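Spelled out from the first residue to the last, the chains are:
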Amino acid sequence: MSSVSYDQLGVLYRTLLIFATVAVVILAVGLVEFVYFEPPGQVTGAKATIVGVYQYEPTTGMVTGADRSEFPRAGVFAARVDWSSLPSGLTVDARWYDSFGSIEGQVGPDTASNLAGKTIVPVEVPQGYRYVLPGRYTFVVERLSAGMPVEVLGRRFVVVDRQ
Amino acid sequence: MITSTTPPAADPESRLRPLRYRIAIGIAVLVVVALIASSILNYAFLDTIPARASLYGLLAVALITLGTFILVRAFDRDRAARRKHLIRAGVLIGLGVLLWLLIIDVFLFTQSAGAGVAALCALACLPTTAFGLFVVRRMDRNHKEPWRLVLVAAAWGAIVATSLVVWGETIWESSAQHSLVPGPGLDTSLAFMAGILEEVAKGLAVLLLFLVMRDEFDDVVDGIVYGAAVGLGFNFLESISYMTNLYSIFNAEGFGWAAAGIQWYGRQVLGLFFGHATYTAFIGAGIGIARQLPSMRQKVLAIVAGFLVAIAGHFSWDAWATIFPIQNTLFGLLEIHLRTLIMNGPFTAAVIALLLFGIRYEGMNLLDQMRKEAATGRGAILLDEVPVLASPWRRLRQRLHALNRAGPRGYLQVSRLQTAQLDLAMERWHRERKEIDTPLEAEQHLRQRVMQLRHWVAA
Chain A
59 MSSVSYDQLG VLYRTLLIFA TVAVVILAVG LVEFVYFEPP GQVTGAKATI VGVYQYEPTT
119 GMVTGADRSE FPRAGVFAAR VDWSSLPSGL TVDARWYDSF GSIEGQVGPD TASNLAGKTI
179 VPVEVPQGYR YVLPGRYTFV VERLSAGMPV EVLGRRFVVV DRQ
Chain B
294 MITSTTPPAA DPESRLRPLR YRIAIGIAVL VVVALIASSI LNYAFLDTIP ARASLYGLLA
354 VALITLGTFI LVRAFDRDRA ARRKHLIRAG VLIGLGVLLW LLIIDVFLFT QSAGAGVAAL
414 CALACLPTTA FGLFVVRRMD RNHKEPWRLV LVAAAWGAIV ATSLVVWGET IWESSAQHSL
474 VPGPGLDTSL AFMAGILEEV AKGLAVLLLF LVMRDEFDDV VDGIVYGAAV GLGFNFLESI
534 SYMTNLYSIF NAEGFGWAAA GIQWYGRQVL GLFFGHATYT AFIGAGIGIA RQLPSMRQKV
594 LAIVAGFLVA IAGHFSWDAW ATIFPIQNTL FGLLEIHLRT LIMNGPFTAA VIALLLFGIR
654 YEGMNLLDQM RKEAATGRGA ILLDEVPVLA SPWRRLRQRL HALNRAGPRG YLQVSRLQTA
714 QLDLAMERWH RERKEIDTPL EAEQHLRQRV MQLRHWVAA
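Sequence lines, in order, name chains A and B.
Note that the numbering used here numbers the first sequence so that position 144 is 202, with each residue one more than the last.
Note that the numbering used here numbers the second sequence so that position 160 is 453, with each residue one more than the last.
Don't take every hint at face value.
[To be verified] One side of the interface only, derived from the structure: several residues of chain B facing chain A at Cβ under 8 Å: (1) 470; (2) 474; (3) 476; (4) 478; (5) 545; (6) 546; (7) 551; (8) 582; (9) 602; (10) 608; (11) 609.
Hints were generated in silico from the structure; no laboratory data involved.
None of the values given here were measured: they were computed from a predicted structure.
Where is the CB? At the ideal position from N, CA and C, for every residue including glycine.
With the hints as constraints, model all of the structure from the sequences given.
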């Protein structure tokens, strides 16, 4: 069969366009997913006060030293939150995320007034590990709606050294 | 310039060649400007190790870019000038690679895992990536691409594309982490980031090859080969980066090597063809199909379509791979394989479908041209040679027969003759479709080369 009588290039071209249509659908689904988890218009104007991030003593449950943004790997640390800076009826929680995006410590969710006694939020050493994993940690105070975090009211970044 | 050949050349006064060179130069300038800007921005605003590597690595990137350009153009020159240009290219690329490795070792990997670990990770990834490149090149069973261009594609994927994405990904990631709610929304944003920035950076290499080396970029099959080679190069450096990073994270817990090993298996064995190679192969497929399409609108649509599929494939893996839970049991091992198969399998199957269709399409047309050439009676391709040339297995049998009769020298000579005959058929095919801008004399030159090789083989 000659190339003149049956040029298959058109078939290849149309096949690629069909694949591209599927690709557009995939990307559109991704966009919908993004908007679902980051709904627009979720701004209350409330700001949580994160007093600082300190070295943590697990035995006493207290923090010591000065506010820091970098910790050695062997150290454990915790954030201190001033829940009174938020409207009392607001449903909130506070979480530590490690560099892989896993939650490594949390208080809440509950109303800000009910969390008033839980001002210290320590980062947890993962089960089966001796130390916290090195890398960048994110601490967030979030507002929840229908059980889902929809707004970050306060945020801090902390680096845990590899050594 | 030859303008009055009989029959006339397909497009003796092509205006496309200067235009596409101008586009290629434009893209190259943009790439260089982006690299310089990104390095300075990273260094000024982000005091991180990759930022320093990207700044100090600029010279290495420039050397490799210049070296590869001289290398690919060297083969278009006459024999006397070629050697000189090859040496220049070799020295420049060698210096660039050494400098780059030095920078990576010193600034990127040695600080996190140590030079020895970085070297071992690189050594572990070399044979698998080499195997991947070997397989990818062998896929073009009718008309294999030259090793120099396949390696150039892989080098661009490893060095230039990875350098290009550092700045974009750092800025995107940093902005997202400062503004979005951690969790699925942030993960989706980062998946869009990886899909868009990494595929565009890799795709630029394929696009530049298409613009500069049109003679070696014949159709969809070539596009898939070059695209996959760029993807394998990118995967090589990314694997080293992830392996050393995970080693340094988990070494204090006593399983740094296990973490690096799992990463190696996931990226260099299980994901060797399923990940970056598949995504960028789609970009190559789009460019390869565009190569033969008649209208500019269709060309642009095909290239955009290739990029879209690549971005969607990459995005879906990054965004949704975690939907499949991996249990911390022996069954988890099976789940890891199933996840890769389910998430990336359809994309790999689709690109294989395009490849098989492309090979069949190319094969049919080469056969058609070989028959037409044989019918002219000029002697470059004989009628009884056509069935042999049309079949990769029969070509191999012919070469092995020559090996038995005349040793390795005989094998090589028959191989060269077959390649030259296929080159001639390919040239005829492009000329018939009016998608070539070399004068008709180029075809006659190929014919003479076949005759010369036939004479040597006979002798």
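Status of each hint after checking the structure:
The interface hint given for residue 470 of chain B is met, as the beta carbon of that residue sits about 7 Å from the closest beta carbon of chain A, less than 8 Å. Because the closest C-beta pair between residue 474 of chain B and chain A is about 5 Å apart, less than 8 Å, the hint holds. The interface hint given for residue 476 of chain B is met, as the beta carbon of that residue sits about 6 Å from the closest beta carbon of chain A, less than 8 Å. Given hint, residue 478 of chain B at the interface with chain A, holds; its Cβ is 3 Å from that chain's nearest Cβ, closer than 8 Å.
The restraint placing residue 545 of chain B at the interface with chain A holds, with a minimum CB-CB distance near 6 Å, inside the 8 Å limit. At about 6 Å, the closest approach between the beta carbon of residue 546 of chain B and any beta carbon in chain A falls short of 8 Å, and the interface hint on this residue holds. Taken as an interface hint, residue 551 of chain B does not check out: its beta carbon lies about 13 Å from the nearest beta carbon of chain A, beyond 8 Å. Hint status for residue 582 of chain B relative to chain A: holds, with the closest Cβ pair at about 5 Å, below 8 Å.
Interface restraint check for residue 602 of chain B: the shortest CB-CB distance to chain A comes to about 4 Å, inside 8 Å, so the restraint holds. Evaluation of the residue 608 of chain B hint against chain A yields a held restraint, the C-beta minimum of about 6 Å falling below 8 Å. A distance limit of 8 Å between C-beta atoms decides the matter here; for residue 609 of chain B the minimum to chain A is near 5 Å, and the interface restraint holds.
Of the numbered hints listed earlier, the single one contradicted by the structure is hint 7.
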